[in-house]
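*Asks:* The primary structure of each chain is shown beneath.
Protein chains: 2
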Amino acid sequence: MSGAHPELTQSLGYRFRDPALLERALTHRSKSSDNNERLEFLGDGVLNFSIAATLYERFPQLTEGELTRLRAGLVRMETLAGLARRLRLGGFLGLGGGELKSGGHDRDSILADALEAVFGAIYEDAGFEAVHRVIQGLYRDALAGIDPQSVLKDPKTRLQEYLQKQSISTPSYNVLEIVGEPHQQRFIVECSVPGLPQPVRGEGLSRRAAEQQAASSALEALLARDA
Amino acid sequence: MSGAHPELTQSLGYRFRDPALLERALTHRSKSSDNNERLEFLGDGVLNFSIAATLYERFPQLTEGELTRLRAGLVRMETLAGLARRLRLGGFLGLGGGELKSGGHDRDSILADALEAVFGAIYEDAGFEAVHRVIQGLYRDALAGIDPQSVLKDPKTRLQEYLQKQSISTPSYNVLEIVGEPHQQRFIVECSVPGLPQPVRGEGLSRRAAEQQAASSALEALLARDA
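The listed protein sequences derive, respectively, from chains B and V. According to our numbering, the first sequence is numbered sequentially starting from 1. According to our numbering, the second sequence is numbered sequentially starting from 1.
Please note that a few of the clues may not be correct.
[As the list claims (entries may be wrong)] The following label-pair restraints were derived from C-beta to C-beta distances:
| no. | chain 1 | residue 1 | chain 2 | residue 2 | range |
| --- | --- | --- | --- | --- | --- |
| 1 | V | A142 | B | A224 | 42 to 48 Å |
| 2 | B | S192 | V | K101 | 47 to 53 Å |
| 3 | V | E161 | B | G145 | 53 to 59 Å |
| 4 | V | S192 | B | A142 | 50 to 56 Å |
| 5 | B | E129 | V | A144 | 43 to 49 Å |
| 6 | B | G13 | V | L223 | 45 to 51 Å |
| 7 | B | M77 | V | A20 | 37 to 43 Å |
| 8 | V | R133 | B | S33 | 32 to 38 Å |
| 9 | V | E7 | B | I178 | 52 to 58 Å |
[Said to hold, decoys possible] Here chain B is said to cover these stretches of chain V; the calculated rule only asks that three of the stretch's residues, wherever they fall, bring their Cβ under 8 Å from a Cβ of chain B:
| no. | stretch |
| --- | --- |
| 10 | 33-42 |
| 11 | 123-136 |
| 12 | 210-220 |
Honestly, the hints are just simulated from the structure, not real lab data. These numbers come from a predicted model, not from an experiment. No residue lacks a Cβ here, since even glycine has one placed at the ideal position from N, Cα and C.
Okay, chain B solo, but in the shape it has when bound (with noise of 0.2 Å):
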């Protein structure tokens, strides 16, 4: 087998000192014991971190409670299965006879991670810095459409703008239920919003928490069909 996968190098930007590495990351548990398992392990940790310094550096303005919140949606499996298609990466894996019948080459969790596994493999080749680079190449894109105003902004308000932007009359709330003991109540509200075609619900342990909730929920289904 060829270790060089030209295509791969160029659009990840790295060229593997020992190809060897790079086989061990596309190499399924299904194909082989000496699979790209370990690799992820490592891969893992280093996307977390990379992307935490880089979302660190580039927004000064944000708490660490929105830092953490932007890096999870980043290093989440749909987001790396995204990236791994970008790279055409379904096409490289080594997959064992079932994974390769069910369609394993493009399944989202084989997918991200054989993307970690990739970049384990660039941090034992060439260290930290290296796999740094790379990381931020790929990530390109995603960073650049971060809107760091609309982080800062909670569910509601959110909510509201994007309502407006479109027209649509306001949200409007209902709290539904009120359960459990006085000191541990949880709120059941739903948001009813005019263009979804049911109210969504949110659960919170304050009437707020459970708007925030339910407006969140309520904007992901109105991007999801807009989208």
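On the provided structure of chain B, position chain V as indicated by the hints.
*Replies:* Relative to chain B, chain V alone:
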């Protein structure tokens, strides 16, 4: 205020180019709005990755699940607070009035957060390799104390072996209760060890899982007693 902290420089094995970074890392939010919370976010990331990379290199025979478990023990608050005490970090902290009075200098969470912030500050000051060296130095004893064999064994086996070494007779396990619907039962067991004043409980989704949890708690109790 002097930004030098020669004792801390000595015990960390690191001299800051920009002493203002160290000052910020040592400033609790109760003291100033220019505090260590963002540096803690950065430092948490670099610590997790530095420990991951060290464990990956040191224990080529462990799986990613075992590495994850080992890392969790090394980066948890109690471990960090212990390291911070060894550095006498509490004496250098900038705390507000309330935290000062209530003993914040020796609170686990404040110490652990400040040590993470110091790691973040070193990364900012000099990059990953510099902070990786400092972390490896601080964790030298903890890492040397890891027995990869014991990580590989489950708690019941380890408890058994510990008791054998001390010539204490074997533990006994009893199911106390099975709760929940048939398809989602939880087992509550107790583990009796001659050396412990009372049986230790464990809970799990299977009898085996509950026994392992009880064994783990019993072993911890024995180790604490014998420490």
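*Asks:* Determine for every hint whether it applies to the structure shown.
*Replies:* Quick rundown of the hints versus the structure:
no.: 1; hint: V/A142 x B/A224: 42 to 48 Å; in the structure: holds (46 Å)
no.: 2; hint: B/S192 x V/K101: 47 to 53 Å; in the structure: holds (49 Å)
no.: 3; hint: V/E161 x B/G145: 53 to 59 Å; in the structure: holds (54 Å)
no.: 4; hint: V/S192 x B/A142: 50 to 56 Å; in the structure: holds (55 Å)
no.: 5; hint: B/E129 x V/A144: 43 to 49 Å; in the structure: violated (28 Å)
no.: 6; hint: B/G13 x V/L223: 45 to 51 Å; in the structure: holds (49 Å)
no.: 7; hint: B/M77 x V/A20: 37 to 43 Å; in the structure: holds (39 Å)
no.: 8; hint: V/R133 x B/S33: 32 to 38 Å; in the structure: holds (33 Å)
no.: 9; hint: V/E7 x B/I178: 52 to 58 Å; in the structure: holds (54 Å)
no.: 10; hint: 33-42; in the structure: holds (count 5)
no.: 11; hint: 123-136; in the structure: holds (count 5)
no.: 12; hint: 210-220; in the structure: violated (count 0)
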